[in-house]
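Visitor: Take a look at the letters that make up each chain.
2 protein chains.
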Amino acid sequence: MKDSIGLVETHLVTFEGLFRLESDAVLEDITIAYETYGKLNEDRDNAILVCHALSGDAHASGFHDGDKKPGWWDIMIGPGKAFDTKKYFVICSNVIGGCKGASGPGSINPKTNKPYGLTFPVVTISDMVNAQKLLIDHLDINKIMSISGGSMGGMQALQWTISYPDIIMSCIPIATTSKHSALQIAFDEVGRQAIMADPGWEDGDYYENDLPFRGLSVARMIGHITYMSDTSMENKFGRALKKKEYGYDFTQEFEVEGYLRNRGDNFIQRFDANSYLYITKAMDYFDLQKEANLFEVFQPVKNTKFLVIAFSSDWLYPPYQSKEIVKACKMNGIDVTYCEISSDYGHDAFLIEYAEETKLITHFLEKVKNNKVHAEN
Amino acid sequence: MKDSIGLVETHLVTFEGLFRLESDAVLEDITIAYETYGKLNEDRDNAILVCHALSGDAHASGFHDGDKKPGWWDIMIGPGKAFDTKKYFVICSNVIGGCKGASGPGSINPKTNKPYGLTFPVVTISDMVNAQKLLIDHLDINKIMSISGGSMGGMQALQWTISYPDIIMSCIPIATTSKHSALQIAFDEVGRQAIMADPGWEDGDYYENDLPFRGLSVARMIGHITYMSDTSMENKFGRALKKKEYGYDFTQEFEVEGYLRNRGDNFIQRFDANSYLYITKAMDYFDLQKEANLFEVFQPVKNTKFLVIAFSSDWLYPPYQSKEIVKACKMNGIDVTYCEISSDYGHDAFLIEYAEETKLITHFLEKVKNNKVHAEN
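Residue numbers (this note's numbering), protein chains in the order written: chain B, 1 to 377; chain D, 1 to 377.
These are computed hints drawn from the structure, not numbers from a lab.
Mixed in with the good hints, there may be bad ones.
Which copy? The list can't say, so a pair holds if one copy fits it or any two copies do.
To be verified - Once the Cα atoms are required to be at most 30 Å apart in a straight line, the calculated DSS-like pairs of lysine-lysine come out as:
1. LYS290 - LYS367
2. LYS179 - LYS242
3. LYS236 - LYS327
4. LYS290 - LYS242
5. LYS236 - LYS86
6. LYS87 - LYS244
7. LYS236 - LYS305
8. LYS68 - LYS179
9. LYS359 - LYS290
10. LYS290 - LYS243
11. LYS39 - LYS372
12. LYS179 - LYS243
13. LYS133 - LYS242
14. LYS87 - LYS179
Please read all numbers here as calculations on a predicted model, not as lab measurements.
If we strip away everything but chain B, and leave its shape as in the complex, we get:
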């Protein structure tokens, strides 16, 4: 195990003024949360932006005071790790629409002094990226050496390269897609329906009452199934029972049932049901091919190097979706490397297969860094 970055803090920053969304709705004075690890160098050109997935937050690495568990990608960010904080200045920001410090449906609407609930406008991946751009400007960074993320984090990374092609030196989209498929939309929608079926949801206006815990828990359980694979479930649980014998009742008898319930129960302690609706909806809207084919979409992206990573058993974001990105890059003469990591862990692999990811990313970032030096000489 490599060193930990140690104690870290989340910062909040509010950008005063109007923030126009892709829907044309306007938010006033948006806030986002972020953490940074490592040091920005003198040339201010060693910044790496890490983007989180559906249930993530700005706390990607290290420990908050008193916490036993580190940030969600601690295994990848720190001294000597893939995103080496001895060399790079790593930034992780959270997404608007979320519930971990950024403006979202649980935030107070200054006009009513009550939580927005469903009056919060629907946001898109592009909106999330535009909010992060305000942060990058705020940090006075003009070039981002690399941007990375898995799942929805990968969507943000891809959107960054399209929205701001000139400032992104390299991009590492992991276990992601250039557009949400019907299957991906379907799973998200069933999760949303589970939340909205909970009478506690009350059309999103529940903040002063009982929260829609049960619906959110079911949504999370559905999610967790899609993050694993048939093989990883077989290896981890098989048909193992919590008790010795069949109980012939409807308690959680199988280990896998207990696991799912446990994951659901943990999630409702830390996540807002409305944010689950908003963030899944943002993913469902994500479609880089909406107005042009992928080849055309990547045309402005000339100088960004790509390392595209997929996992063999990921059936939620299958490798073919990553290959579509690779093909569009190749057709534009973009410097792209594709790597499919053989893994049984399904979609979760992007959080687990750190050893292979670390090797791939370490060398890729070295190449990006050297190439930059070379270009400057």
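With chain B held as given, fit chain D onto it using these hints.
Guide: For chain D alone, coordinates are given in the frame of chain B:
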């Protein structure tokens, strides 16, 4: 399109006395529903038993008076079809635990004159088969020429060959497994959790009040996702919108969302939420390998011929699970044919790919029939 069997009727039969379940619980006077198509021949040896899946019933073919839609496997059962009613006497019975005429949680408990609800004992696939055996005896049939079914129907078919090896001439398990996997249990459990999370469920005691419609609808939506494939969803829906543009709200905007909601809404009109719990639980308990490995389990099955059918894109009951059955048969010298039909339709394929299924089954049944004649000469 081949001929329809025409108008049919469902029959109910009650077996008086005690019926002991695998759990050792006892039911009194169980009822099951059944339909028959075609004629039993003089030798009473042309009977084919068809077993239904999770949401099926005894109405497998033809039309009930006034109905616009035929039975659930009409495409396979009728004059000139795979299960040719000009040659064979086809029987379809429903399963105990269900809600279509057989004894189940919605039946009236004679001791209380109220619906059983959760006081109905948990049943297993083996219990379902034992109840069907009473029907077969009632119909005075000593040999079953063939038994078939897809999904849970295939589990019943397999269980029949193990429980009553001497009377089953042939078995056609389709898109099924010899034991429910962790992934299969997981999806079932989330469906159950969705139902039990509905306050209308009231611990199963809801028959006189509002029914747990929303929970059951969510369970059904989850199911429908697992019955399709990434490819079939892409082909059928892709990212097509019901409206022209993104609405930036939480209505069903994508076609796939509308489809799922529609399927959920239809289901709640025709299915009992408690039966959904009981039948999924029976599937989760299904494990032919519980007490011995599959080779040993199939040892008593000497004279049954098998045609095992799986579908390439079925990720809920993947072909490897069918191959495990084939291997156990082969190791016992059982006459087994395996066929993996190439299809994009996922698990639903067993209800859709009738053309290929018909060819395979027609020839297989001919072989079974001829072989029997040959053996008798």
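Visitor: Hint by hint, note whether the structure agrees.
Guide: Outcome of the hint check:
Neither within a single protomer nor between protomers do LYS290 and LYS367 lie at most 30 Å apart by alpha-carbon distance, with minima of 33 Å and 54 Å respectively. In this assembly of identical chains, LYS179 and LYS242 lie within 30 Å of each other by CA distance solely across copies; the values are 18 Å between and 40 Å within a copy. In this assembly of identical chains, LYS236 and LYS327 lie within 30 Å of each other by CA distance solely across copies; the values are 25 Å between and 35 Å within a copy. When the C-alpha separation of LYS290 and LYS242 is checked against a cutoff of 30 Å, the pair qualifies only between copies, where the shortest distance is 15 Å, while the shortest distance within a copy is 48 Å.
In this assembly of identical chains, LYS236 and LYS86 lie within 30 Å of each other by CA distance neither inside one copy nor across copies; the values are 36 Å within and 50 Å between. For the identical chains of this complex, LYS87 and LYS244 are neighbours neither inside a copy (53 Å) nor across copies (48 Å), given an alpha-carbon limit of 30 Å. When the C-alpha separation of LYS236 and LYS305 is checked against a cutoff of 30 Å, the pair qualifies neither within a copy, at 37 Å, nor between copies, at 35 Å. Taking CA atoms no more than 30 Å apart as the test, LYS68 paired with LYS179 passes in neither setting, with 36 Å inside one copy and 39 Å between copies.
Proximity of LYS359 and LYS290 under a CA criterion of 30 Å is satisfied in neither setting, with 34 Å inside one chain copy and 43 Å between copies. Taking the shortest alpha-carbon separations for LYS290 and LYS243, only the inter-copy value of 15 Å comes in at or below 30 Å, while the best intra-copy value is 51 Å. In this assembly of identical chains, the alpha carbons of LYS39 and LYS372 lie at most 30 Å apart only when taken from the same copy (19 Å versus 82 Å across copies). Only between protomers do LYS179 and LYS243 lie at most 30 Å apart by alpha-carbon distance; the minimum there is 19 Å, versus 43 Å within a single protomer.
Taking CA atoms no more than 30 Å apart as the test, LYS133 paired with LYS242 passes in neither setting, with 49 Å inside one copy and 33 Å between copies. In the homo-oligomer, the alpha carbons of LYS87 and LYS179 never lie at most 30 Å apart, since the shortest distance is 33 Å inside one protomer and 52 Å across protomers.
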